[in-house]
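Asker: One-letter residues, chain by chain:
There are 2 protein chains.
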Amino acid sequence: MSGATVLAELDRIFHPKSVALLGASNKEGKIGRMFMERFLEMGFEQLYPVNPGESEILGVKAYRTVADIPDSVDLAIVVTPKDSVLAAVKECASKKVRGIVITTSGFGETGEKGRELEQELVRIARESGTRIIGPNCVGIYCPSSRLPFPLGPGKESGSVGVISQSGFFADFLTLTATGNGIAFSKAVSCGNESDLNAIDFFEYLGEDPQTQTIVSYLEGTKDGRRFYHISKEISKKKPIILWKGGRTEAGAKAVVSHTGALAGSRRVWDGALRQAGIISVKSFEEALDCLYAFHLQPLPKGRRVGIISGPGGTAVGTTDRCLELGLEVPALSMHTIERLKNVLPPVGGSVNNPIDVGLASLVAPAVYRDAIRIAAEDEGIDMLLVIANVGGKLLRDLILEATSNIELRKPLVVTVMGGPMQSVAQDFPLFLGSGISVYLDAARAAKALAMLWEHAQFRARGSAVQKVSEYGGRDNGPSGRGTDAIETALREGRTILSEHESKKILQAYGIPVTQERETTDEQGFKQALTEIGFPLVIKGGGADVGHKTERGLVYTDIRNPQEAMTAFEEIMKKANPGGGSILVQEMIKGTRELVAGFVRDVQFGPCVMFGLGGILTEIFQDISFRVAPIEKSEALDMIGEMKARNILEAVRGMPAADIDQLADIVMKVGKIGLEHPHIKEIDINPIILSKSGPIAVDALIVLEK
Amino acid sequence: MSGATVLAELDRIFHPKSVALLGASNKEGKIGRMFMERFLEMGFEQLYPVNPGESEILGVKAYRTVADIPDSVDLAIVVTPKDSVLAAVKECASKKVRGIVITTSGFGETGEKGRELEQELVRIARESGTRIIGPNCVGIYCPSSRLPFPLGPGKESGSVGVISQSGFFADFLTLTATGNGIAFSKAVSCGNESDLNAIDFFEYLGEDPQTQTIVSYLEGTKDGRRFYHISKEISKKKPIILWKGGRTEAGAKAVVSHTGALAGSRRVWDGALRQAGIISVKSFEEALDCLYAFHLQPLPKGRRVGIISGPGGTAVGTTDRCLELGLEVPALSMHTIERLKNVLPPVGGSVNNPIDVGLASLVAPAVYRDAIRIAAEDEGIDMLLVIANVGGKLLRDLILEATSNIELRKPLVVTVMGGPMQSVAQDFPLFLGSGISVYLDAARAAKALAMLWEHAQFRARGSAVQKVSEYGGRDNGPSGRGTDAIETALREGRTILSEHESKKILQAYGIPVTQERETTDEQGFKQALTEIGFPLVIKGGGADVGHKTERGLVYTDIRNPQEAMTAFEEIMKKANPGGGSILVQEMIKGTRELVAGFVRDVQFGPCVMFGLGGILTEIFQDISFRVAPIEKSEALDMIGEMKARNILEAVRGMPAADIDQLADIVMKVGKIGLEHPHIKEIDINPIILSKSGPIAVDALIVLEK
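Here the protein sequences line up with chains A and B, keeping their order. Every number in the working numbering is 23 more than the matching position in the first sequence, counting from 1. Every number in the working numbering is 23 more than the matching position in the second sequence, counting from 1.
The hints are simulated quantities; they were obtained by calculation from the structure and are not laboratory data. Please note: incorrect hints may appear among the correct ones.
No distinction is drawn between identical chains; accordingly, a pair holds when it is met within one copy or between any pair of copies.
Straight line, CA to CA, 27 Å or less: simulated DSSO-like cross-link-like pairs of lysine-lysine [unchecked claim]:
#, residue 1, residue 2
1, Lys612, Lys714
2, Lys714, Lys596
3, Lys260, Lys113
4, Lys53, Lys416
Please model the entire structure based on the sequences and the hints provided.
Answerer: Set out below in structure tokens:
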């Protein structure tokens, strides 16, 4: 189905003229009653409660069946018990309802039988051109259409969209943020995604002019690659804040029992989210914290934070936090310092960053306004973090006053301290409603700034880099090099290429590999020794010999013919009673080892991997994934993501690594995988950083028949 | 001065019969007015405002000078401008006031001149037996004595103590927590610590029967070792929650300008805090989160969390978080599952961990009570985390009901979701006041449980391990072995011991080192080759040759006499034109490298270090410090703290490391440093994990004259 069709369908579902509520009820404590109350509060006009046992519900005429409704119905909401859902869907399909929300649970999330029933519902609906949202969800919220959520966030219409695989997340997030002064355009709880799924809604809200910021909770997706492409396009214009549930193994277990979606590999998810420019959060609260920043603040031009604080101790701790988060808290310009001296108290404050406005700010808070304005006008400051010891309307107005005249907008976040939560809580709608991002704690305000800066870098990457080709990279050679080796292996029934075969393919794509010769007899071996030259490495075994090191089949740093012959004889004894091959390889010196690889992820398809190699790969797991193909800026970002990235600098007499060349290798690994549909995995480990550059010292290519 | 004296003095200062307020004022916006209002609100009786220009302040008779006060004065609070503080202190000293709080700033924190003035104040006071708190502080709060803080947390007396080097932290923390339902015993803002310092107050609150939990903000201390010993003793009975400001370089800069204290090395601080069992937090909010857990909940017996949640999505995310934090979310017993089936709704919930009480909990919240009770009675569950979609008195009472009958107390934390902050904020005093730890976000509740579990392990370490000796360890040899080498070096004017000298000392203490010979001529060299046997390592240079590897003076894996002679000649050429020595050393095979060391920290004195060694030491900085001497359990904790601790397991054909032996090495390094006051630093890097165990392959001892 074309995207345009879905978007048109969704637009009609989110803006229905008439709604039928199947399972509407007068009874307290029933979900059907809760929905009725919310619809009435919202003032939705063409509402048709359906309940065979009632003639009127909360004063609204009720109908026995959907067929009885005299009007056409755009949207049906089904809240009836599980056993009556099939009949309800049939009724709605006959009525040619545009969309059906099924809130009822007990379907796909419970097992195979539930999944079959779901498919039956979808089949019936789609025959009539009807779309289904759910089951096992809380439906859709669209204040401009007067469509409510069951907990009722409110009537006000705004520009934040929500897409959630958890009903509670959708309902609670809209409820909480609305209470705090942020209004929503559209929210959807997509439940089991029997028909319409989260990606459809991403596509829709990405285009929706009413929606400027998107918040989402996802546990899995059936098409990671489509999600990646769509969300990356959206991220270039609208921030997406996403909480991915099911990160860990036991979390993933809970996912299965919760919505039946696949959780996928967490590392691949993390890489794909970063690559798509998604703001990834780890809790409900962090989702709100990011929403308050991304929805209200511009993106910063740099990482330099100006801190303006009443509490001195908190200023110190918050400076720590900013630096830990990769932000800077630089010295202010002399001009700024002079200006601050004119407004700050002579004693007890600090005119440099962090700016301490002193105890006097408690009784004379206007100093906040002056310090904010002065710091904001310092060209060396990109963002402002205010930690106030006063709150309320007074502070709100001082901040609005301070920022009203600033032509060049910079992000500003505020922490209000020093009161019981009830009093500070009152400041939230006051501040957020006025466009000021407010936090209960300065450490969280600092985190929000760091997230803004990270997203600003994504936006910059997107605009600075020109998309060279589908695969990117310096390499412009023909496609599909090395196909012969792959076809040979498959013909021989092998799914593993030997180290030597694997490296030949890498080499064909311009990835530097060790000089080496493969041989099967003594004569060839001796010739190889001469060609390669000492010191060298001798490895036993052909394609099907794994774990060479553990099996004692690797002899490194062989320095002369005697040592070489000893190694030859030992390998022949241990590994090659029935023949096989021996690899003679130049010895690469270097203690810094990296890894690059390629996998086909179950959710995201072809992906590349890069990180710390050798024995440490498993121990530190300092690796990252990206969806292939990757652009150069993305390869550089992977390299920058390494915790051990210092290893790439000049260390102990070894030169710094050529980062461009490393980026090139990662891009090429992706290219190889993409050009060979039979390649399942590529593993280059280690890539040793030698004096002359990175060299692939060992490699393995795994095929899929 | 003896500790007992200070405690008696502090007791009188915290419980004064009479208070003089120097700088009391009728004028709005003055700190002297603020204090007056607070004293009157608290109902303090014998209050003597002092102000030469007023006869009465807010209805209380005022005095021109302290001398004019007809009664004796226990405590004076000085809020006058800087220039009049000296006179004020003189007046108070003449009156034999017990303690003076000086809130005024502009002293030691501004530089040398300010520090001198401070010392003068202290000298005058101490001559009359008077103690000073401050300057540059907000003083002391003690509701049972009716002593207020300027922002006025309230009258209610409780059992939380606060010690802070930031006035705002002390005042805001007490204010916020009191508003949320937690009451305090005593709080002190110690400012510049010209006389009484944070450690004095720790000693006092450690003994204070009124105080059960301590919260603190520190930026530095003048005697880290005393702080370490006192806080460790306290931690065995009362939890200390501490925010250490000034972690990072720029943070540390801010520290200097803020209180003039030394910030010390962050890594040493982190190690000392952990060793002392202190609950280390990184923000104001985290301090409160921990306070709510530690003050109200028992310590858990294990790490197994039972999650009871209304929102399903949040249950998934919170399970993730628990596992990331090192907690477990195990399956429930069959018995528990059967019991849960009887109380949970048949559809939409989950009877296993995380327990999903389903959508129905919104309308029938009694299911929370039943699920909590059942989960708490499962012997496989150590702690409970409740995520509620309802709040208020109803939920509070259900939780109290559920937990009232449980004999075996387990920590229980609650997150209330799904409302604007104003409504959830109201639940805080309601829940905390009833002894229920409540959080705005489940991720933070999970963190609080993880902190409880970590502290429970500290308590277990303390009680399980018997203190063998001052130095601990297996080693029972005589003290001060290796003194000769140190004396020789000092006599020769050297502050660096050669690798060989250093290793001899290590060996004398039973630390396994490489077999090696030091020689200066060819004959001795050849003999050494025979004695050590190939393969071996040849290193050039004696005591004063640093950076051997970078200078090309290390030849590893020498396999035969020819290679050895080549190395010998090259070293002689490069390094030893004026003589010197050559080290012939056995070659240790192994790719896993560790580091152990000893330093004298400026704040904490003798400390040991342990972590990942070799080239990776600087890159990963995967190291930790502890204050020496350390007990075995503490050495094991250091090893467990390594991020790369997997490296100690069996890897790629190499056996697992002997953890006891590693612990022994770290303890012995501490012992060596403690027994030799001339040793400034010890650096053993690398310790290679060979097949036969850990071996010190390189070592360096630095002396202090």
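Asker: Taking the hints in turn, state whether each one holds.
Answerer: Do the hints match the structure? See the list:
1. Lys612 to Lys714: both (8 Å within a copy, 24 Å between copies)
2. Lys714 to Lys596: between (35 Å within a copy, 25 Å between copies)
3. Lys260 to Lys113: neither (40 Å within a copy, 67 Å between copies)
4. Lys53 to Lys416: between (41 Å within a copy, 22 Å between copies)
The earlier numbered hint that this structure contradicts is number 3, and it is the only one.
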